[in-house]
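Which chain is which? The protein sequence lines are A and B, in order. Here the first sequence stands for residues 1 to 378, numbered as in the numbering used here. Here the second sequence stands for residues 379 to 651, numbered as in the numbering used here.
Hints listed in this document are in silico derivations from the structure and should not be mistaken for laboratory results. Ideal Cβ positions, reconstructed from N, Cα and C, are used throughout, including at glycine. Watch out, some of these pointers could steer you wrong.
What follows is a list of derived Cβ distance ranges for each label pair [stated by the list, open to error]:
| # | chain 1 | residue 1 | chain 2 | residue 2 | range |
| --- | --- | --- | --- | --- | --- |
| 1 | B | A424 | A | R137 | 48 to 58 Å |
| 2 | B | G547 | A | F299 | 28 to 38 Å |
| 3 | A | T260 | B | G392 | 26 to 36 Å |
| 4 | B | V398 | A | N39 | 16 to 26 Å |
| 5 | A | V173 | B | G392 | 41 to 51 Å |
| 6 | B | A403 | A | R137 | 34 to 44 Å |
| 7 | B | L570 | A | R137 | 46 to 56 Å |
| 8 | B | L455 | A | P95 | 55 to 65 Å |
| 9 | B | V641 | A | A131 | 33 to 43 Å |
| 10 | B | P459 | A | P28 | 38 to 48 Å |
| 11 | B | R549 | A | V173 | 20 to 30 Å |
| 12 | B | R549 | A | G271 | 48 to 58 Å |
| 13 | B | V463 | A | A322 | 26 to 36 Å |
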Amino acid sequence: MSEGRGRLVAELTLRRPSFTLDVALEIPAGQVVAVLGPNGAGKSTLLDTLAGLLRPDAGRIELDGRLLTDTRTRVHVPAHRRRVGLLAQQALLFPHLTVRDNVAFGPRCAGASRAEAARLAGDWLADVDAADLAARRPTQLSGGQAQRVALARALAGEPELLLLDEPLSALDVDVAPAMRALLRRVLGGGGPGVGAGHGEAPRTALLVTHHLLDAVVLADRVLVLVEGRVVEDGPAREVLARPRSPFGARIAGLNLVSGTACEGGLRTDDGTLVSGRPGHGTNGGPAVAVFPPSAVSVFRDRPDGSPRNVFPVLLVALEPHAEVVRMRAGVPAGGPDWLDGLAADVTPAAVADLGAEPGVPLWFAVKANEVGIHPATR
Amino acid sequence: MIPGAPVRDRHVVGVGLPRVLWVPALVGLALIALPVVGLVVRADLARFPELVTGGAALSALGLSLRTAAVSTLLCLLFGGPLAAVLARSGAPGLRLIRPIVLLPLVLPPVVGGLALLYTVGRTGFGGRVLELWFGITVPFTTAAVVLAQTFVSMPFLVVSLEGALRTAGERYESVAATLGASPATVFRRVTLPLVLPGVGSGLVLAFARALGEFGATIAFAGSLQGTTQTLPLLVYQVREVDVDGAVALSLVLVVVAVLVIAVARPRAAEGLG
């Protein structure tokens, strides 16, 4: 069951007044793809088309070898026979049903008996740490609780492809991290507590988000959609290190270093310790250190005396950015690869003081408390 | 999430209302409430039980309740699906259909009655078919009463139900579909429960309208005691010969109306809003 489950091949065109969605993608089974892009880029349209709620003008969608849409042969499998689950920004729990009955809805539709569906609902609720909410009505839930239940309900439908449309954006900032950690767990990104009995296999999922962090923490791959077209596609780290589109560059306003979480921070593959603030669920697993370019100080000579992360780099580019200059780092001779693409924002005056120009060796320094450590996929 | 009557928080100050609005508001209220008071004052309450239990009165009340109940059922059977089609179907031409549905709301009922008469009556094309093929004559029968009442009360159910369907939106239905629910299951387990309050208030409104029906009934069904003479028709007939009786019967209708409003008030206001 674990391999070959949920491989998606889609090629579709859908004309809207403001843009034309024109996308071809192939997602291997179990891969989680983050879809980033400005408003009106067609992200939700893409998801709705995959879910069968919209009919494309032209195209073909295949999931696990099953043909879902083919405009040429006029095939359009209706939403309820696609096995494509949808979790939206709003939880949209059925207000007339209890939490348990909401989660049991999918299994009931799949033909489970009342008792069996209730048992499954209990399991899925336990999986999202919401077992104690089973008897409540949706109106008695907080936003975070409702979204957890909605996730359980979507998973209980046993979808082969899970579509997540900004699932965190309606949540308060203090509950979003817990939900993010939960999503990470159920999407099969690893870590402890993967539900017994279901979901061991990683799940194929498309995640629309506005937050780079979601992409980094939850996704294996990032897709940037602008005006209905895919302008970037690749591993998160790669897209962010070398953005090829203005939007990519904008969202790439963060530095990422991947490695393994450890006491006090993260250790890169070459053994460098990056000190930082550990976040949710980072115990010894794969992780990324995230810090903004504005938190990076640049020196001509190695600074000393302060508890900072200090990396020797080679300056490869200077990019003007509004009131600052973004310095792009390259790898000095013998240095680790992960330095490539790191960015530092400095004032034009500092550029002059440093005599910085491409090819010059510099030191990048970041305070540990500016560095967030987050669990990452793989 | 099913909204009930809004609860006003007594701490909320709000921006306030200009005091001058109170004057026309009270005049408007008086215009509605005072005639009812006048009716109660005029009534001979001592003879009330005797007046409303007379043979013609009981027969008219019974006929009114029975025909209004059947009309309401017909409204549900045909108006319910009509509302669903209007709210959910993307079929072209629906824009043109909605005004037709609303026609009985704005048309004088007596005009509706005449329209029915010349359609289903002996000389009308519908009536001729019914009479020749099935030997059925509709006008001046109890069936005509039901038809007239259904004609005038259908829009109440359609409008209030369509409003409820639109408010509920299609997002819950989309979610249900992605969970594997077939269209029939979505309708039964999601759409219907969500709009049940709308159905309830629509039914009550339609029933009230059917009970009060006068113009279309008298034009299409006449006023034959025991067959087509409903309570409003009886009130009209006896108002000159037996004022006390007419007032007493009117009070019965007022009581029924008050009961209906008490049952359906909050949702009815929203449904028609």
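Verification of the hints:
One distance hint, 48 to 58 Å for the beta-carbon pair B/A424 and A/R137, holds here, with the actual separation near 52 Å. For B/G547 and A/F299, the Cβ-Cβ distance of about 58 Å falls outside the hinted range of 28 to 38 Å, so the restraint is violated. With their beta carbons about 58 Å apart, A/T260 and B/G392 fall outside the hinted range of 26 to 36 Å. Separation of B/V398 from A/N39 is about 46 Å and departs from the stated range, judged on CB atoms against 16 to 26 Å.
The hinted window of 41 to 51 Å between A/V173 and B/G392 is violated, with their beta carbons roughly 31 Å apart. Look at B/A403 against A/R137: about 38 Å separates their beta carbons, and that is inside 34 to 44 Å. The supplied range of 46 to 56 Å is broken by B/L570 and A/R137, whose beta-carbon atoms lie about 18 Å from each other. For B/L455 paired with A/P95, a C-beta distance near 27 Å fails the hint of 55 to 65 Å.
Our hint of 33 to 43 Å for B/V641 and A/A131 holds, since their Cβ atoms are close to 40 Å apart. In this structure the hint that B/P459 and A/P28 lie 38 to 48 Å apart at CB holds, the actual value being about 46 Å. Here the CB-CB span from B/R549 to A/V173 is close to 25 Å, well matched to the stated 20 to 30 Å. Range check, B/R549 to A/G271: Cβ separation about 51 Å, and the 48 to 58 Å hint holds.
At roughly 55 Å, the beta-carbon separation of B/V463 and A/A322 lies outside the given 26 to 36 Å, and the hint is violated.
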